[in-house]
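Heads up: the sequence lines are chains A, B, C and D, in that order.
Here the numbering used here runs 74 ahead of the position in the first sequence, where the first position is 1.
Here the numbering used here runs 116 ahead of the position in the second sequence, where the first position is 1.
Here the numbering used here runs 388 ahead of the position in the third sequence, where the first position is 1.
Here the numbering used here runs 10 ahead of the position in the fourth sequence, where the first position is 1.
Calculated directly from the structure, the hints in this document are not laboratory data.
Hints are supplied without guarantee of correctness; some may be wrong.
Said to hold, decoys possible - Mimicking BS3-like on lysine-lysine, the simulated pairs with C-alpha atoms at most 27 Å apart in a straight line are:
hint : chain 1 : residue 1 : chain 2 : residue 2
1    : D       : Lys260    : B       : Lys364
2    : A       : Lys429    : A       : Lys565
3    : B       : Lys364    : D       : Lys322
What the hints assert, rightly or not - Coverage of chain A stretches by chain D, computed from C-beta distances (three or more under 8 Å per stretch; other residues unrestricted):
hint : region
4    : 148-159
5    : 168-175
6    : 184-194
What the hints assert, rightly or not - Quick list of the computed label-pair ranges, beta carbon to beta carbon:
hint : chain 1 : residue 1 : chain 2 : residue 2 : range
7    : B       : Val467    : D       : Ala146    : 55 to 63 Å
8    : A       : Arg298    : B       : Val467    : 58 to 66 Å
9    : A       : Gly352    : B       : Thr353    : 16 to 24 Å
10   : A       : His170    : B       : Ile160    : 18 to 26 Å
11   : C       : Thr690    : D       : Asn285    : 18 to 26 Å
Quick reminder that beta carbons are idealized off the backbone N, C-alpha and C, glycines included.
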Amino acid sequence: MDTKVQHDSAAPMIELRGISKSFGPVQANKNINLKVSKGSIHGIVGENGAGKSTLMSILYGFYKSDSGEIYINGKQINITDSHVAIEAGIGMVHQHFKLVENFTVLENVILGMENSFLINTALNNARVLLSELASTYSLEVDPDALIEDLSVGHQQRVEILKALYRQADILILDEPTGVLTPAEADHLFNILRNLSKEGKTIILITHKLKEIMSVTDTVSVMRRGEMTATLETSKTTPQELAELMVGRSVLLRIEKDATEVGGKSLEVHNLSVMDKRGVTALKNVSFHVRKGEILGIAGVAGNGQTELLEALGGISPATGTMKIDGEEIPLHDKGSDARSRREYGVSHVPEDRQKLGLILDFFAWENIAFGYHHNDEFNKNWLLMDNRKTREIARQEMAKFDIRPPTPNNLVKNFSGGNQQKIVLARELEQNPKVLIVGQPTRGVDIGAIEFIHQKIIELRNKGVAILLVSVELDEIFSLSDRVAVLFDGKIIGERITEETNESELGLLMAGIEDGPEEQPAMESVA
Amino acid sequence: MKNLPKWIDLVLIPAINLFLAFMISGLVVVYIGENPFRAMQIIINGSLGSAYGLGYTLYYATNFIFTGLAVAVAFHARMFNIGGEGQAMIGGLGTALVCLFIDWPHWTIALPFAIMSAALFGAAWSAIPAYLQARRGSHIVITTIMFNFIAYSMMVYLLVHVLKPKGQMAPESAKFVAGSNLPSAHDIFGWFGMAFPKSPPLNVTFLLAMLACFLIWLFIWRTRMGYAIRAFGWSETAAVYAGISPFKIIMVTMLVSGGLAGMMSINSVMGEAERLLIDSVQGAGFVGIAAALMGRSHPLGVFLAAVLFGVLYQGGAELEFEMPAVSREMIVVIQALVILFTGALENLVRVPIGRIFMKLNAKQN
Amino acid sequence: FAEPAIIFDIGGKFDKSYNESAWNGAEKWKSETGGSYREIEIQSEAQREQALRRLAEAGSNPIVMTGFSFGSVLDNVAPDFPDTKFALIDFVVDQPNVKSIVFKEHEGSYLVGLIAGMTTTSDTVGFVGGMDIPLIRRFGCGYVQGVKAANPDINVIQNMTGNDPSAWNDPVKGGELTKAQIASGADVVYHAAGGTGVGVLQAAADGGILGIGVDANQNHLHPGSVLTSMLKRVDVAVYNSFTEGMDLQTGTVVILGLKEDGVGYAMDENNQDLISAEVLEMVEATKASIINGDIVVHDYTTDDSCPAS
Amino acid sequence: MDYLTIIQILDSMLRLSAPLIFACLAGLFSERSGIFDIGLEGKMLASAFFSAAVAAATGSVWLGLMAGLTASMILAAIHGFASITFQGNQLISGVAINFLASGMTALIGQNWFRLGGRTPSLSGDGRFLPIEFPFAESIGKIPFLGPIYSELLSGHTILVYVALLTVPLTWWLLFKTRFGLRLRAVGENPEAVDTGGVSVSFLRYRAVLICGLLCGLGGAYLATGMAAGFIRDMTAGKGFIALAALIFAKWRPAYALYACLLFGFLEAIAIRYQNITIEGVGTIPVQFMQALPYILTIVILAGLVGKAIPPKAGGEPYVKER
Ligand SMILES: Nc1ncnc2c1ncn2[C@@H]1O[C@H](COP(=O)(O)OP(=O)(O)OP(=O)(O)O)[C@@H](O)[C@H]1O
Ligand SMILES: Nc1ncnc2c1ncn2[C@@H]1O[C@H](COP(=O)(O)OP(=O)(O)OP(=O)(O)O)[C@@H](O)[C@H]1O
Ligand SMILES: [Mg+2]
Ligand SMILES: [Mg+2]
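Please model the complete structure; the sequences and the hints are all you need to start from.
This is the structure we're talking about:
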């Protein structure tokens, strides 16, 4: 590990000059200049599709820039591929992890850096190094675990370990906290601070301005492929950054008026679910959501949120009872699939838009009917679907949800993540559901879009829909939900009225520290 | 690269690829000591230049359309049905049973029943692989390969021991009843007072094949089931999220696929041979794979690819006839090169063409 | 003067079987007379009729074709070309301008069976067929009858290669079948399996037993290891048809058996040490009996059954 | 079934499995790297032809083997060219290679030897001969274990032993070496390899060429080890059976061995027991016995083997920029 004197500010550690890159007709980066000094933490913010990931991938040699120069430590380097970047001491933690899922942690760490023909030595060396790093930076992770068995937080640690194993002096992190819980994120930032103290230069891409403010030294803003500003973090504010990004002022926290809550719309009793490995992932969970109410489900990822959503959405079998407006709906028999759930008026915005919510290779208009393709509005007659009408509906909904570009005849995979999320929301919210279940609605989405999505969810609540919101973002839970329940180890460990609780209390619950039994009646009293 | 105008994508690039394939084939022709240009001319003229040649070309194409559609439909649900060969063979059995034992008064009555029977038998032959895939996750590629071999054995048994008239030498069924004989192109043109040569086996099934192309297009792109099949093909997890049952999709898709393959026998068994032969499919199931892949699983593409293969079959036969040095293996080589260049190596042409086009575009702007 | 023509069946002219034999006959005619002929190897069922008509329209005469599968097609086509003469090998078509030529493969097979039966020391012999179709059963049945005539206690192991078209081109499987027969005690193996038979004879030679060739004289393939070959003179039939040319006697059925020298067994320098004078004598005597009708070899295809097994 | 018969069936199983093992492991390398290959059949066929042709012409089976390997690897390179460099459809490319090999071998064969695409029969040094183990004769007399040594293990051509050795070698290469680690990674997630600074294309080319090499060994074994010469289309679907075995084996070397041995065993049984008469039922049709291996395969697949999950990145070309 190299521990040079920090802030040796003669030449910037990283300098980009006039970087441009286009993908076919899309110009992702336009003439970008950037300097980052050694040992600093530099933040980059920008809307979805602004070109942040592209720029970093160019720095890392994953993409080749069309023009421009890169200087590392004052020396111009022609980064033709990632190999050159690694040699130059650059490490990158990608937005979408580049890990081999059925490999162990060790195998992933040494991949590409095995040093000899047989991998045994490398595995042993890596094992030693990993335990050293674990103690130096508290980056613990089981070296023999398979990636697919690790939580995303741990997977991310593996990515960081990979970079450190390669002795990176420069560490690029692309939206590292998008999938982390607040505690995990804090942990990560501590690690980053330690690394920067040791002289490592860090570039951090994030949508969360709070993180920028708390951890970075300097920050750049990207907009539509251009670098619009580079500022010292201490001399700017979240508001200013948000405006620079979006080009208008943004509400960082949604206004929400109290609404009249109605009767119980969604009731769940003793819901239990086995996960794919046959482990009980949800144990006798009971709760209800009233009309015009948002119940937030908080918790550290992996405590049963996914199973809860999939059970309610009719994707996976479950036991227990589920009632909509007092009518019991079947949970387990064959008819109780996702299709019948929709027919009962349950709309479901899934956690993972790419794996569940969308067919990436379908056009936007086809996705607008997805799951509702049996509905009359999308069909001409008993046999044929009505594509023209579906396209028209899609056009309207896309306009209403400000989806860019607003063209239904566009493959969904060509939309940015934020806009993909809006397509899912447009589809599910426009079905006039009785009950809406939402998982991580703003994961990886820029602040402009977050504002919009939050507004839409509140609007639906105000219309009297019962909403179940699952999110690992406490901010989101606090700004949207009326009540919040915390899932821990497959059980609801406590419920609070949002206005009567705070982050630290929820934080304790999320860590599994249970509250006294007297809380339960307090909740009933809201009714 | 993806924003090339349609005509470049659909016409120019395939044309150049085809040209390249023929160029290389030409070298092989030169290798065996013949004139490649004359060979080319014989292939084109022999297959498309006369009603006679066209009659054969389209007859072969009809076979490949059915087997190609069969593979294509399965592809949409991301399943690779290698079993077209066996399904078509068993479909032939279905056709034969209908045409052997019922004294049909007229082909118009026999045909619908034969179609149903052929499709039913073909579908039945794909049902077990489909079920095993849907319920047990047994890989459809293995099971359909195995079912091809089982079909061969079953056909030999049935023809030799059951369907063959006693004392007959050839392991084939008796001739079908006269009432089941389908009108050939010669007959059909005759009804309208037009002339068409008598020998080409092209028959009314070709119209059926075109209809099948249209119906499959409608099925895949216009019905809910087709929508569900495509969704499932792109992403099984998303399909489940949307309430689409994988079991239902796998079963329906494979039954349709097997049914289509089975219907090939309407053309070859009922339309041409008018009896069940021991190998009535003759590799059409495998050519169907190539046709589906080259046609990008789109019925129109499958149709065009099937006609292309028809051209190669018929043109190849003419070539063999006109050029004694050319053997039938030569035709197989040409087919291989056509598949390679138009199917697998298309980027060889697409990338440079795309670049040229982009440059031209940039200049214009 | 019209060119003669020949159409080969789907197996192709190099099938190591009757198509190849036919081709040899045509080539012999070509080299002897200096004449030329046209040929087509069909690749699909639909091409049977196409090839026939193409040749007839082009004025080829006579047109010879090999294989029973041409029967029904020729029945349709022949009336359309009354001036063309056709010769069909292996099947009978009743048309005035068709000469049908069929062989009594069972008689030839009987003789090689007899030789096998008299040669075996293990009292076990084998037969490898290509596919379980009547034609091949006819070979097998004649062979078994011959073996049993030598000694009714001899055990005949009969195997078929497979059911898909590769059954005729699978020397590996042919070899493996032969090895299994050897392991079961067979010391003479007769094949009627086209290209697969190459593997049969090879495995027999490698295994130190004797093989019996078919159709053409295959004794030279492994001198000293091929006991004899059952000759089916398709080559002669083709040669004669080409030679007769326009004088081809049509409207007739020619049945070529031992008597007509249409079938037989091969003796040459490669196998003369394998067959003793005593055996030869017996075989010749039997041949005479068959020719004069004292011995009737049962033809499997007449009733789809075999009296001996 | 007596003991010796069992030994003989197992002996036959080994011979019949060897080409499958080669082809199956060939497919394993290719598919583990993310390149699907249904052209195993074609590559084997090409190698079978060229090995036999060159062995016939030179009288040296080793030269023949070299030629066979070269031919098979050239086809593999074409497959790589189409599916790696030009990001073409791997299935189409595989189909084309099967057609190409089938046509070309017969065409060239006819042109060279005028034997209808057949090569002359090989003899002497022109073919691989069985290797008798030392003292096979005398050890064979030891009861029980003797026949295993003398009948089952001894008396195969060298390529059978090579095939058996290739299995642990493949395992070692795949799981113990840098190359194997990267190879497995590139089939699962090529981006992980790419961002690790390793060339995806080069890695895949190597995998595809190894695939060609092994197919070449399989083909050469068919023509110069099992048979003694080439006959057109003599691979008779073995490439497809190997593909089935590969899926059966879930892309793992040891399982691949078991799957191929199983297929070989079933075929050996079917060859041995074609004519079975069951008391009261009569003779079972030979066609049923011939279909039995395929039926049993399906039964075993459905009954014992769970879902086979192919390498994740398999079949898709690696495209960085859409
Ligand atoms: N591999 C690619 N091929 C084609 N276009 C791409 C590719 N990667 C990115 N793009 C396009 O380039 C533009 C910039 O994308 P990029 O991923 O850099 O944005 P980003 O700022 O990282 O957005 P986000 O915040 O959503 O991660 C987008 O329009 C995107 O669609
Ligand atoms: N509400 C439902 N929940 C689950 N499965 C259903 C439901 N409705 C229908 N199905 C299943 O779907 C089958 C019919 O599905 P299909 O894909 O044809 O769509 P459909 O909308 O029912 O068609 P149509 O409405 O035109 O009859 C039925 O036989 C039934 O098994
Ligand atoms: Mg990004
Ligand atoms: Mg319906």
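Results for each hint:
{"no.": "1", "hint": "D/Lys260 to B/Lys364", "in the structure": "holds, 26 Å"}
{"no.": "2", "hint": "A/Lys429 to A/Lys565", "in the structure": "holds, 26 Å"}
{"no.": "3", "hint": "B/Lys364 to D/Lys322", "in the structure": "holds, 25 Å"}
{"no.": "4", "hint": "148-159", "in the structure": "holds (count 5)"}
{"no.": "5", "hint": "168-175", "in the structure": "holds (count 5)"}
{"no.": "6", "hint": "184-194", "in the structure": "holds (count 10)"}
{"no.": "7", "hint": "B/Val467 to D/Ala146: 55 to 63 Å", "in the structure": "holds, 60 Å"}
{"no.": "8", "hint": "A/Arg298 to B/Val467: 58 to 66 Å", "in the structure": "violated, 28 Å"}
{"no.": "9", "hint": "A/Gly352 to B/Thr353: 16 to 24 Å", "in the structure": "holds, 19 Å"}
{"no.": "10", "hint": "A/His170 to B/Ile160: 18 to 26 Å", "in the structure": "violated, 50 Å"}
{"no.": "11", "hint": "C/Thr690 to D/Asn285: 18 to 26 Å", "in the structure": "holds, 23 Å"}
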